[in-house]
Amino acid sequence: MKKTIFILSFLSLLAFSACHKDEETLPEDSLPVIIENYLPLTVGNYWIYEEFQIDTNGTATDLGKIDSCYIEKDTLINNKTYFKYCRVAPGYGSSIKFIRDSSHYIVNSNGIILFSSVDFSSILHTYYTIIPVSDTVSVNTSKMTDKDVEITTPYGTFTTYNYKTTCAITPAFASNGNERYWNTRYANNVGIVAETIATYLSTPVFTERRLVRYHLN
Numbered sequence: 136m137k138k139t140i141f142i143l144s145f146l147s148l149l150a151f152s153a154c155h156k157d158e159e160t161l162p163e164d165s166l167p168v169i170i171e172n173y174l175p176l177t178v179g180n181y182w183i184y185e186e187f188q189i190d191t192n193g194t195a196t197d198l199g200k201i202d203s204c205y206i207e208k209d210t211l212i213n214n215k216t217y218f219k220y221c222r223v224a225p226g227y228g229s230s231i232k233f234i235r236d237s238s239h240y241i242v243n244s245n246g247i248i249l250f251s252s253v254d255f256s257s258i259l260h261t262y263y264t265i266i267p268v269s270d271t272v273s274v275n276t277s278k279m280t281d282k283d284v285e286i287t288t289p290y291g292t293f294t295t296y297n298y299k300t301t302c303a304i305t306p307a308f309a310s311n312g313n314e315r316y317w318n319t320r321y322a323n324n325v326g327i328v329a330e331t332i333a334t335y336l337s338t339p340v341f342t343e344r345r346l347v348r349y350h351l352n
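The working numbering puts the first residue of the sequence shown at 136, with every later residue one more than the last.
Note that these hints are calculated values from the structure, not bench results.
The reader is advised that the hints may include incorrect statements.
Okay, derived cross-link-like pairs now, BS3-like style, lysine-lysine, Cα gap no bigger than 25 Å in a straight line [what the hints assert, rightly or not]: (1) Lys299 to Lys232; (2) Lys219 to Lys208; (3) Lys299 to Lys278; (4) Lys219 to Lys299; (5) Lys232 to Lys278; (6) Lys200 to Lys299; (7) Lys232 to Lys219; (8) Lys232 to Lys215; (9) Lys232 to Lys208; (10) Lys278 to Lys219; (11) Lys219 to Lys200; (12) Lys282 to Lys299; (13) Lys200 to Lys232.
Assemble the whole structure, with the sequences as input and the hints as a guide.
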């Protein structure tokens, strides 16, 4: 009887081992590689946007204004390659950033994180809005939110990640609500498809630009 039990136990062990041999996992090199590129940085890339005013009900009114962004050139800063990201916006002036892709993060030449595809829990940037008389208007914190949210623009619908800045307005300036939000929505292999470009202390309405066309080299 003991011999029979031993044989049955041994056969069970062999069967268990055989099952595990059949359940082989693919080697890492054979797994599909998902390439993320939430702001394609190649000289000559450009994005064209249309501006809208968004009211408290979420209704968008076309302002009849167009602005654009483009990658002018690359350059070395502290032995790292950055791209000159230029924005031309009638009524808001022009702006320039030097930015680079840093392993799932987009950072500028000052080391400020502008986007992450992996960190949706940390505060990525904190800064203050201060008027010339040294009064603090707001404390601003930026983090990633709204993962895989669909956003519709004049160009089409995109699945996006949102770099959201919350502006906590100090009591002296908070007569029309104590928070404002700046959203910058990125789509993989496209770039920024929608972005808050103006908020106001006097009213909760805001201005947003939405993608109408783009070109990637």
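Against the structure, the hints:
no.	hint	verdict
1	Lys299 to Lys232	holds, 18 Å
2	Lys219 to Lys208	holds, 5 Å
3	Lys299 to Lys278	holds, 6 Å
4	Lys219 to Lys299	holds, 23 Å
5	Lys232 to Lys278	holds, 19 Å
6	Lys200 to Lys299	holds, 24 Å
7	Lys232 to Lys219	holds, 6 Å
8	Lys232 to Lys215	holds, 15 Å
9	Lys232 to Lys208	holds, 11 Å
10	Lys278 to Lys219	holds, 23 Å
11	Lys219 to Lys200	holds, 24 Å
12	Lys282 to Lys299	holds, 11 Å
13	Lys200 to Lys232	holds, 22 Å
The earlier numbered hints are all upheld by this structure, with none contradicted.
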